[in-house]
Each structure stands twice: as C-alpha cells, then as structure tokens.
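J.: Next come the chains, spelled out residue by residue.
There are 2 protein chains.
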Amino acid sequence: MSDDLNILILSCGTRNKIVQYFKKELNGRGLVIATDCSYLAPALYEADEQYIVPKMNDEGYLDEILSICKNNNIKAVFSLIDPELSLLAKHKQSFIDIGTVPIVSELDVIEICFDKYKMFEFLVQNGLPTVNSYIDKEQFFSDVEAGVIDYPVFVKPIKGSSSNNINKVSTKEEVEFLFSRFDNLMIQEFMDGIEYGADVYIDMISSEPVAIFIKEKVKMRAGETDKSISFKDEELVELIKKFIKGTGLKGIIDVDIFKVNGEYYISEVNPRFGGGYPHAYESGVNVPELIINNIYENVNDNVIGHYEEGVSMMKFNEVKILDPKEIAST
Amino acid sequence: MSDDLNILILSCGTRNKIVQYFKKELNGRGLVIATDCSYLAPALYEADEQYIVPKMNDEGYLDEILSICKNNNIKAVFSLIDPELSLLAKHKQSFIDIGTVPIVSELDVIEICFDKYKMFEFLVQNGLPTVNSYIDKEQFFSDVEAGVIDYPVFVKPIKGSSSNNINKVSTKEEVEFLFSRFDNLMIQEFMDGIEYGADVYIDMISSEPVAIFIKEKVKMRAGETDKSISFKDEELVELIKKFIKGTGLKGIIDVDIFKVNGEYYISEVNPRFGGGYPHAYESGVNVPELIINNIYENVNDNVIGHYEEGVSMMKFNEVKILDPKEIAST
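Residue numbers (my numbering), protein chains in the order written: chain C, 1 to 330; chain Y, 1 to 330.
For the record, the hints were derived by calculation from the structure and aren't laboratory data. Any given hint could be a false lead.
Stated by the list, open to error - Residues on chain Y that point at chain C, a partial pick, calculated with CB under 8 Å:
1) Val53
2) Met56
3) Val218
4) Gly284
5) Asn317
6) Val319
7) Ile321
8) Pro324
Backbone N, C-alpha and C define an ideal beta-carbon position, used for all residues, glycine too.
Isolated chain C (complex conformation) (with noise of 0.2 Å):
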C-alpha cells in the first residue's frame, strides 16, 4: 500500500479530462482521488474515490484536506482553482511533513499572476513586453491626451477571472462611469491582434521548463479557451523562457500571449492546469508523466517542441447524469 502512488485532485469541478489523464498515466500505479464541495461537480465520479469537502473558506479545509492526504497516502496534491492555489503554496510544508508534494508555485509569484496590476508591474521591470494598463483612470486620459494610447481599452476588475464584468469601453464617459460604479477596477490596451496560450511545465525538481506546447486561441467561450490550433515559434518559445526565469513558477502553467503587429505581449498568467490544456495532452505533451516523473524524484528531460502544428481541438459537452440513490451513497 505505502508504495502506491496516489493523487489527489482538489475542487475537480468539470476537469473530467484532468482526471481521466492522471488515471491513465497512473495505469495502475495508484488511484486518483478528487474533492469538491460540491456533489455536482462531474469530474468527482470520474475519480478512483471521491470527497465531498466544505468549502475552501469554512474552518478547519486544511485540516480536512491534510487528513485526506494522510489518510490515503497522497503523494502529490493539485488544486484545479484559483484561490486554492495560494492556500496550498502558503501550507506547502503540512504537505510535506506528511509526505505528500503539493505540485504549486511559490506563493509570491501566485500572488502576482491573481493581480493583474502586479503581473504588469512585473513584467514592465523585468523588460518583457506586456498589455499597458492603468489603475490611475487619470493618468490614463491624460495619456490618451499625449496620444500614448488610444480607445477603445478594456475595463475590468484587477483580480478576476473567467472574463467576468471585462467592458470594452470607447469614451471618457463610460471609463468614469464604470469607476464611479465598481472598485478595484483596471484600464487595459486593446489587443486588436492573435491570442495564444501556452501550457507550461517546469519541472519541480530543476526548476526548468522542460514542456511547452503553445496554441492559437481560435474561440473563446466563458473566458476558456473553446477551439484552438497547435502552433510553433521559436521566438516566442524563448520569450517564454526568459519570462519564467527566477520567477518561482513551478509544476503546470498557463500563459496568455497576444501578437501584435509582429510582436508577443505577455498579458496573464493562471499558475495551474488551463482549460485548454487538453489540446496539449492530446497532442502529446505529457504533464501527468511529467508530474509522476517528479513524485519519483526524476529530472524531466526537455520535450519544448515535441508536438504537431497545426492540429485543431474544439471542445464539446458530454453529460454526467446522476440518479438521486447516487448522491446518498457518495
């Protein structure tokens, strides 16, 4: 039993593909074990066992979840949601004590990418290009005044997500308006050119990237990426690089990437599984092995490259349906 190599999959949510991945890499070799604090979060039933859990803010998750570690003999854990993800950085030593490796980045660099300001702010001083943007609404008219940047911008929350209250804005009016009615919010160039993403793992142990697998983003549908393309360069492969060193980014990443005229803008990054990474997966680019290559204390050789171009992935719906005797035995 001590051997297996069981993982568990925190607030597993509608990542079914997640789960099922992790199954068939582990071919045996231990379960794949998922919570959610919801029973209607399909992915559950797509795990070996299954944890209807409280949910992330009520007191006493942590020790409900390193109860499930111990208890099961987790040896690598992983949160498909935001917000889990600082939590986990943040107790990364509870884990270990235990013996199971959160697969996590560090907690400041979690912090930066979940605010979009500070994720300018970063890249501004470490001289890789980005989205301009603006938390002063003053300093932006006076540079649309000075012609530095023109409408129409983005208005959005500094830290939100799934494409939540974004308000593609073309006057002052509306700019103003928007503030006088919501904090916390930011003002962002318009990217009128090609979206990427990239799905990117660096290995936990030495720290490199040692996968990247980047896509055109063809249609987007609630903030995720719907249908995309495979696509190679070089040159962005290496902007990538350069943008990951020394910041702390560790285990599986996702990085947004616009190109304009000619040239990448780094504009987000979501430091966990992305919703498109499927396209990845299917395409060859093993993060699950990856992941199991590092439970059992192995360097990841380099595989950046090792994927076909121009191979599409659109996604569909597939039902999960649950009948109510179901429910009282989970």
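Chain C is fixed; fit chain Y onto it per the hints.
T.: Only chain Y this time, still in chain C's reference frame:
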C-alpha cells in the same frame, strides 16, 4: 436506398450529443448527416456524413441545403441555431416538395420567440403570467415612481441570445446610460426565484404536446444550462400546455420559466433543441424517437411525465482533435 430514413442536422456546431442520440435511435435505419459553415464544428465528425457549407446569409445557401437533401434522400431536416429556424419555416414547402420534412414551428411564432418584447406582449394578451418588460424607458421610470416595479432590473437586447450584453441595473442613471449607448434594448423585471427549463415535444401531426421534461436549472454557463435537476409539477405542465395551444409551435422547443413566491412565469421560448436537452434524453424523454415516429407518419402517444424526479445532470468538456490531414479530406 429510397427507404432509408436519412436525417439532416443543420448548423450542428458543438451539439455532438444530439447527433449521437439520432444515430442511436436510427440504429442503422438511415444516416445522420450534419452541416456547419466551419470545419471546427466538432459535431460534424460525430455524424455519418458531413458537409461544410457557406454561411447561412450567403447567396445560394438555401439551394445548397435543398440539394444536399435531394442528393441524400433526406426524410427530415432541422437546425440547431436560431436564425436558421425562420429560413426553414419560410421555405417549408420547398423542402416538402422534394420529400424532406422540416421539423420546425410556424414562421410567425418563431418571429415572436426571437423578439423578447413581442413574446411579452403575446403572453400578456393571452392572459399568461410573464416577466414584466418595457421598451419605453419613460414608461418604466413612471412605473417605478408609481411603485409598479422596482430596481434591480435587467437591461438587455430585445433580440439577444446566450446572455450577451445583459446588465443588472440598480439606478435610473444606469438605465439612461445603457439606452444612450445601445439601440433596441428592453428593461425586464428581475425575477428573484427558481429558474426552470422545459423540453417540450409537440407532435408534428396532432400539434399536441406529447412530451414535457422539466428541470430546475442549478447553474448556467454562457447562457446555457450547465447543471440541472429533474422536476415534476402538474400545475407547471398545465401552464405549458395552455401556453402552447394554438401558437403554431411544433416539434422540439425549450421553454424558460421562473417561479417567484409560488407563482410560475414564462420568460422565453427557443423553438429548437435547447442546450440542456441531454438531461431529458438521458432521463428517457426520447425526442429523436418521437421525431422518427412522425416521419413514419405515426402520431405519438402522450408520454408527459414519464421520467424520474431528482435526477441531476452536469456538463463537462470532451474534446475532438483534428489532424491537418483530416481537414484536407473533409
């Protein structure tokens, strides 16, 4: 060949489950053929045969669809997108002339369904409870003063879909702002209650509703039901039957209902397969079978209420990967 029961699904998009269900029901009695204007429509590859066609508004589109019907001995055709329903209804006779039955409602009721204000007027005229709506903002303001309606309200396009551009609004200033910025808006009462969806099949021969599946919508995503729980209520069934009588609605439709303070209110109708239909099918409400019976010129038995209550449905993503070589050969 001429006895084959071939079915054509237009603008199949990401509705793989619909294609699967028809293939399963036909069970070799005929082919399921699908069209879309994009090769990135995953449901195309689920069908027995597929056609990439021009965009619906391009010249020659209708002729191309008619010729696909003729060449493939298509017995029934339907569409999965709203704008195409009017086209099918308008040219119903051209399809019938070549031996193809369009599974579609009458043109006038389709036009009412796509205009949220016309639908409001229709429901009011017929004495059916609905969601209070305004296109005249001055009338709305004076009703607010008179205490007839109160904030918050929704401001949304009269002809919109997928929850695009819907704003929840709490002040007169915001209403004024939105009306100054966009045309063709309406103001709709905010319904603070439970939302239900009903998948209804109205027999193509008898014009009677013969199947009604009701689900409580637990979670929406991008305007589509993401999680739902099956539900039964005789009162709601009677309201739906009363609404449908004499409307000219036919075939499969999807009705949205709110329940506030114990009262039901009809809000919207989509005269096609709704995005949540898989819940009905997986619960035994087999609309492909009812359609096939109608194609064989059999009137369907009433199967209203033939399903279990309390069964949950949860959607998750499946992916279709398409190699560049496959694109070339389609």
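J.: Looking back at the hints listed earlier, which ones does the structure fail to meet?
T.: Violated: hints 1, 2, 4.
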